[in-house]
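Please model the complete structure; the sequences and the hints are all you need to start from.
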Amino acid sequence: MNINIQAELTAAKLHLERAIEGMLQQRDIKHVTGLGRAKHTVQETLTQIQREEAGHVSHFKVC
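Using numbering that gives the first Met the number 0, the letters of the sequence shown map in sequence onto residues 0 to 62.
One should not assume that every hint holds.
Claimed, not checked - Computed Cβ-Cβ distance ranges for the label pairs, DEER-style:
#	residue 1	residue 2	range
1	GLY33	ILE4	19 to 29 Å
2	GLU51	ASN1	14 to 24 Å
3	LYS29	ASN1	36 to 46 Å
4	LEU23	GLY54	30 to 40 Å
5	THR9	GLY33	12 to 22 Å
6	LEU45	GLY21	17 to 27 Å
7	GLY54	GLY33	28 to 38 Å
8	ALA53	ASP27	22 to 32 Å
9	GLY54	ARG26	38 to 48 Å
10	GLY33	ALA10	12 to 22 Å
11	ALA53	ILE28	35 to 45 Å
12	ARG17	ARG50	22 to 32 Å
13	GLU7	GLY35	15 to 25 Å
14	GLN5	THR32	38 to 48 Å
These are calculated hints, taken from the structure and not from any lab test.
Glycine included, each C-beta is placed from N, C-alpha and C at the ideal position.
This is the structure we're talking about:
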């Protein structure tokens, strides 16, 4: 199975945005901060992958 990582991360970001929007509409803000952090992490990962593909050096540290 061939997985397109960037497409999957983009889809994850979209799902997180929708979940955040839904929670805000329902005034259920208990988990919005965590979802926002997750969305930010996904965006950072996408940006780093794009930079690496453009020939830049990775600054990610593997834990």
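Each hint tested on the structure:
Evaluation of the 19 to 29 Å hint for GLY33 and ILE4 yields a pass: the beta carbon distance comes to about 23 Å. Between GLU51 and ASN1, the C-beta spacing of about 19 Å keeps the proposed range 14 to 24 Å intact. Between LYS29 and ASN1 the Cβ separation comes to about 38 Å, which falls inside the hinted range of 36 to 46 Å. Our hint of 30 to 40 Å for LEU23 and GLY54 holds, since their Cβ atoms are close to 39 Å apart.
The hinted window of 12 to 22 Å between THR9 and GLY33 holds, with their beta carbons roughly 20 Å apart. With their beta carbons about 22 Å apart, LEU45 and GLY21 fall inside the hinted range of 17 to 27 Å. Against the hinted window of 28 to 38 Å, the Cβ-Cβ separation of GLY54 and GLY33 comes to about 34 Å, which satisfies the hint. In this structure the hint that ALA53 and ASP27 lie 22 to 32 Å apart at CB is violated, the actual value being about 39 Å.
Checking the proposed 38 to 48 Å range against GLY54 and ARG26 shows it holds: the Cβ atoms sit about 46 Å from each other. Taking the beta carbon of each, GLY33 and ALA10 are about 19 Å apart, inside 12 to 22 Å as hinted. Here the CB-CB span from ALA53 to ILE28 is close to 37 Å, well matched to the stated 35 to 45 Å. Taking the beta carbon of each, ARG17 and ARG50 are about 27 Å apart, inside 22 to 32 Å as hinted.
Separation of GLU7 from GLY35 is about 20 Å and conforms to the stated range, judged on CB atoms against 15 to 25 Å. At about 26 Å, the CB distance of GLN5 to THR32 disagrees with the hint of 38 to 48 Å.
Checked against the numbered hints given earlier, the structure breaks hints 8 and 14 and satisfies all the rest.
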